[in-house]
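Respectively, the protein sequence lines represent chains X and L.
In terms of the numbering used here, the first sequence is residues 1 to 358.
In terms of the numbering used here, the second sequence is residues 1 to 137.
Think of the hints as simulated: they come from the structure by calculation, not from any bench.
A quick note: this is a predicted structure, and the numbers were derived from the prediction, not measured.
Just so it is clear, CB atoms sit at the ideal spot from N, CA and C, and this is done for glycine as well.
One should not assume that every hint holds.
[What the hints assert, rightly or not] Examples of chain L residues toward chain X, derived with CB under 7 angstroms:
no., residue
1, Thr56
2, Asn73
3, Gln85
4, Thr124
5, Arg127
6, Val130
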Amino acid sequence: MTEYRLNRRDFVKGAGLLGAASTLPLSVVKLAFAAPKESFTFAYISDAHIQHIKGKEFVRNWDRGLIRAVAETNLLTPKPDFVVFGGDLAQLGTKEELDHGAEMLSRLSYKTHCVMGEHDYYLDLGEYWSKLFGAHYYSWDHKGVHFVVLNSVLTYDDWTHKRWPTAAQRMLEMAGLDNPNGSPFMVGEKQREWLRQDLAKVDKQTPVVVFSHSPIQKIYKGWNFWTEDAEQVQALLKPFPKANVIYGHVHQIQYNQIDNIAFNSVMATAWPWPYPQSYAHADQHLPVLTVPMNRADPFFERDATGWQFIDVATGRVAMEYNLYNNTNRVVAFNPATGRPEDRVYQAAANRIPPQIHY
Amino acid sequence: MTRYLLRVTIGAFLVTCIAGNLAARADEFTQKDQERWEKEYLSVVQKGRELWTSPTLGTNGVACAQCHPNAANTHPETYPKFQQQLGRVIPLRDMINWCLQQPLQGKPLALDDPRMVAIEAYVTHERRTVPLAPGKH
């Protein structure tokens, strides 16, 4: 068992910078299952949606979410081995938004890996994003774990290349979550072939962690809580007993187990989204395993947003959600049941009224 | 004299009604009427949807739909209700105005502004078939 706690001196040093340290959500986190010599953690920040107004003006609310996540991540002790940014750094994919977001991310004192989101992609198909952050999909090994980043927000060629008169309109059409003119996300044949070849080199007992923006499972098509070729990607992960997928996009807590694959979503730093069942006319499939996050209190602008740090020492994900203005939650793989579970709320009797959503 | 005039007027009115076979009964309406009312209603719902997705309703480019796709998580069926942060019972319109002023950094609408009616119509339309639950949290 390893203890992660904030170093007091760092905390005090950070307090002056943050000015809101009394609300810093990190106290003492105990991670079970982990043998100390194997242990490492990484942090995950996602869905900042930096939104340009005009000139040097950006939407203040979304800026504050990312600034806070970066500042708090820098205070973690012990330090995470790296940070993943899970996509949707920008709102409409512009140079201004990506530059402003990249400048904020550059303050992270750790190596940062970036995932492509649809809000980053559909203006120039990821061209400027690539100049800042590199390849759209890639993999690396770290302390016995194989990590893969996919660009899961591609869609049909016809929609991308032939449907819209301008790139700006294409971006706007995909940016509207509930826009019926949108198109389902997919990894696509080319990238699946790359993934097949990449995984062929990896020993099957190696824990694999895939980072994608969209869920590599089908939850609700209307809001693109969905990946069109999810089953085909899942099939590539099938030979790995310890396969994990971590995704952004949904701005809410979700987790699931499909055969050998454990799924965990991450929170947004910008704003929360309703659960699909909140839309009375949605044919949706939120994993029954998921205990929802608390309903957002709009009077606290950071409520139901946050960031997370993750331990994969067992080859499975133990995710601590740092929830602004809310009690933190831990969703960790339970080896006894073979699925991710909330450490406190999983049993129905333990759930609380704000977890009931309209 | 007055009574005579009244009688003549009523008589003339009745003759006109019967002779003209006017649909003057309050409880009688036709499919055509219903179609017209539905069309009027849906045009206001459509206007509400346009406002809901508009980046120009507020001042910072943020649209209602950014946080509330399909107007979800607005639960209009629970209003009027006690809004603890405001300390009183409010109708949905007060929360719409709160959102216009805070996340959208805009100005509140008059409660009878046609845009307010349109937004409320859209939000309620997306929640149609859900049972009323006033006062609930």
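Query raised in the report: What hint numbers does the structure not satisfy?
Result: 1 and 4
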